[in-house]
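With the hints as constraints, model all of the structure from the sequences given.
Here the protein sequences line up with chains A and B, keeping their order. Under numbering that gives the first Met the number 0, the residues of the first sequence are numbered 0 to 170, in order. Under numbering that gives the first Met the number 0, the residues of the second sequence are numbered 0 to 96, in order.
If you are wondering where the hints come from, they were derived from the structure by calculation, not from laboratory data. None of the values given here were measured: they were computed from a predicted structure. Honestly, I wouldn't trust all of these hints.
[Stated by the list, open to error] To give a feel for the contact side, a few chain A residues facing chain B, derived at Cβ under 8 Å:
(1) SER18
(2) TYR29
(3) LEU53
(4) ALA55
(5) VAL60
(6) LEU76
(7) GLY79
(8) VAL86
(9) GLY96
(10) ILE102
(11) LEU107
(12) LEU110
(13) ASP121
(14) THR151
(15) VAL153
(16) GLY161
[What the hints assert, rightly or not] Going by beta-carbon spacing under 8 Å, a handful of chain B positions derived as facing chain A:
(17) VAL39
(18) VAL58
(19) VAL61
(20) THR63
(21) PHE80
[To be verified] Covered, in the sense of this in silico footprint (three residues per stretch, anywhere, with C-beta under 8 Å from a C-beta of chain B), are these stretches of chain A:
(22) 9-15
(23) 38-49
(24) 122-136
Built from N, CA and C at the ideal position, the CB exists for glycine as well.
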Amino acid sequence: MDLTQLVFYLSAGLAVVSSILMITRKNPVYSAMFLVVTLFALAAIYVLQNAHFLGALQVIVYAGAIMVLFLFVIMLLNLGHDFEPDVRGKLAWVFAGGLGLVIFAEMLTALRTIPESTAGVDVLSPWLSERGAVAGVAEPLFRNYAVAVEITGVLLLVAMVGAVVIAKRRA
Amino acid sequence: MFVESLVLSALLFAIGTVGVLLRRNAIVMFMCIELMLNAVNLTLVTISRYVGVEAQLFVIFVMTVAAAEAAVGLAIIISIFRHYGSADVRNFRLLRW
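Shown next as structure tokens:
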């Protein structure tokens, strides 16, 4: 087992353990903190899989911006210490756990139908080593998908205005 | 590492589903949805090795839409909290029979 695989299994275990802790902690602040750990572990896995730019983006956008938004709202609603226990009862545990197992088994069954991984040819590494980690992503993004980038910018503007309008206190 | 990564993504998606079904706090349910989005992103990053860099571009768009969705969703939760004084989903029953 080489170092890449060791780091992969460490990050994967960290992601799974902290996401399980996230859905079982009663305090929402602890849940948010464990979600941050999961997101960092996923960023490490992105870097291992030749997606260096996306790893940086994951840390900046998810673990930075989105999680700060979550923690800010938890703080604003004062859910940190006056939280009511919100985990459902025994029956919901059985139902949710059973459904989760069914979904996992279903996706594993779908995985068995993909061809052997050795059959595919690695097209990503030559592309990125030729252009570099950032330009390899940015060049097709701004050349072939420029319209999608513009529309996404409009979507962000609409979401920002919508969030301000919805959260504004009625006078 | 290819198949293991896809299995990890399936496991994280299943954990996110269990979390949405298990919790009553709207904010924690929202965090579980973010976890499911991340599991899908992991699948896309993994297959980008064989389908090319387009899969990674798709991840960038998913992240952008997730950020927009988080902003609007948290604004809705704040608005509901002002109305009911709690973020418990049992309060959101206007459309229930």
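Going down the list of hints, with the structure as the test:
no.	hint	in the structure
1	SER18	holds (5 Å)
2	TYR29	violated (10 Å)
3	LEU53	holds (6 Å)
4	ALA55	violated (12 Å)
5	VAL60	holds (5 Å)
6	LEU76	holds (5 Å)
7	GLY79	violated (11 Å)
8	VAL86	holds (6 Å)
9	GLY96	holds (6 Å)
10	ILE102	holds (5 Å)
11	LEU107	holds (6 Å)
12	LEU110	holds (6 Å)
13	ASP121	holds (6 Å)
14	THR151	holds (5 Å)
15	VAL153	violated (10 Å)
16	GLY161	holds (5 Å)
17	VAL39	violated (11 Å)
18	VAL58	holds (6 Å)
19	VAL61	violated (10 Å)
20	THR63	holds (5 Å)
21	PHE80	holds (5 Å)
22	9-15	holds (count 3)
23	38-49	holds (count 7)
24	122-136	holds (count 7)
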